[in-house]
Structure formats: structure tokens, C-alpha cells
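Undergrad: Here the sequence shown is numbered in the working numbering, starting from 488 and rising by one per residue.
Calculated from the structure, these hints are not laboratory results. Treat the hints with caution; some may be incorrect.
[Said to hold, decoys possible] In silico DSSO-like pairs for lysine-lysine, Cα to Cα no more than 30 Å straight-line:
(1) K525 x K577
(2) K513 x K564
(3) K573 x K541
(4) K513 x K541
(5) K513 x K577
(6) K577 x K541
(7) K525 x K541
(8) K564 x K541
(9) K525 x K573
(10) K525 x K513
(11) K513 x K573
(12) K564 x K577
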Amino acid sequence: MKKITLKHFIFLAVTGLLASCQPAEKNWELNSPDNSIKITVSAIEEGETSLVYKVDRMNEGQAQAVIEDSPLGIERKDQQFSTQLKFVSKSEVTTIDETYRMLTGRQAECRNHANELELTFENEQGSPMQIVLRA
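Put together the whole structure using the sequences plus the hints.
TA: Next up, the structure:
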């Protein structure tokens, strides 16, 4: 059986600490299946951590803003989910591809083809807020 020396122990401890000190993810992006639309959610720290989102339309490789940085959150009487949010998790990107029929209109059959990403945050009280993005 191999002995763990003090040098090995210190190396493992330092490696573990460095891995746990990695900065938290601050930007999350989602592209549409054809890469024509990009949604970006960012955590901004200006005194208090808050979320903003923006939507860009890609045109010949250049991003054109459809929606500039806009606040993302909700405030209720009992709790607020607009500042002091802590990132908890994100899902894998899933592809949605479904068709449906309209009862009236020029185009009877419509297609919903999008990518979906779910982000989960917690407020100061530990209550979760889930944001579902589709592009």
C-alpha cells in the first residue's frame, strides 16, 4: 500500500482549494438552431448582484441588438428576485421541434423550432427562481 506523504497531502489540498475558488459563471448564452438569434443573460455586480438579458440577431456574422441590456427579475410583496441572486444550476440545451395547426390564418401549419436552456437562481432567502430561455 502506498503511503501518502505530507507533500502529497499538501498538493491535493491546494489543488482542491484552487478548484473550488474558480469564479462563478457570469454569462449564459443560447443560440437558435440556425444561429440567427442569440440570447445572453449576464450577472452584473454593481453593489448588488442583478441579472440583465439581451437579444441579438445575427446578420452576416455581425450581431445586431434587438433588445439591449434589460433588467431581469421579479419583485413580489413577500420576496424579491431582482437583486442578490445566486446562480444554482443550468440545464443542458435541449432542442424543441414541433408543429401545430392554426384554426385560422394564411399559414395553417406552423413550426416551433428552438433551443431551450433553463437557469436556476436563488434569492437571499434561498427561494429558487427558474428562468427558461428559448431561441
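Undergrad: Each hint should be assessed against the structure and marked as holding or not.
TA: Each hint tested on the structure:
1. Between K525 and K577 the alpha-carbon distance is near 17 Å, which keeps this suggested pair within the 30 Å criterion.
2. Distance check on the hinted pair: K513 and K564 sit about 28 Å apart at the alpha-carbon level, within 30 Å; holds.
3. Taken as a hint, the K573 and K541 pair is honoured in the structure, with Cα atoms around 20 Å apart against an allowance of 30 Å.
4. About 14 Å separates the Cα atoms of K513 and K541, which keeps this hinted pair within 30 Å; it holds.
5. Between K513 and K577 the alpha-carbon distance is near 12 Å, which keeps this suggested pair within the 30 Å criterion.
6. A hinted pair counts as satisfied when its Cα atoms are at most 30 Å apart, and K577 with K541 qualifies at roughly 18 Å.
7. Taking the CA atoms of K525 and K541, the gap is about 8 Å. The hint holds against a cut of 30 Å.
8. Taken as a hint, the K564 and K541 pair is honoured in the structure, with Cα atoms around 27 Å apart against an allowance of 30 Å.
9. The hinted pair formed by K525 and K573 meets the criterion: a straight-line CA distance of about 23 Å does not exceed 30 Å.
10. The hinted pair formed by K525 and K513 meets the criterion: a straight-line CA distance of about 16 Å does not exceed 30 Å.
11. Taking the CA atoms of K513 and K573, the gap is about 10 Å. The hint holds against a cut of 30 Å.
12. The straight-line distance between the Cα atoms of K564 and K577 is roughly 27 Å, inside the 30 Å bound, and the hint therefore holds.
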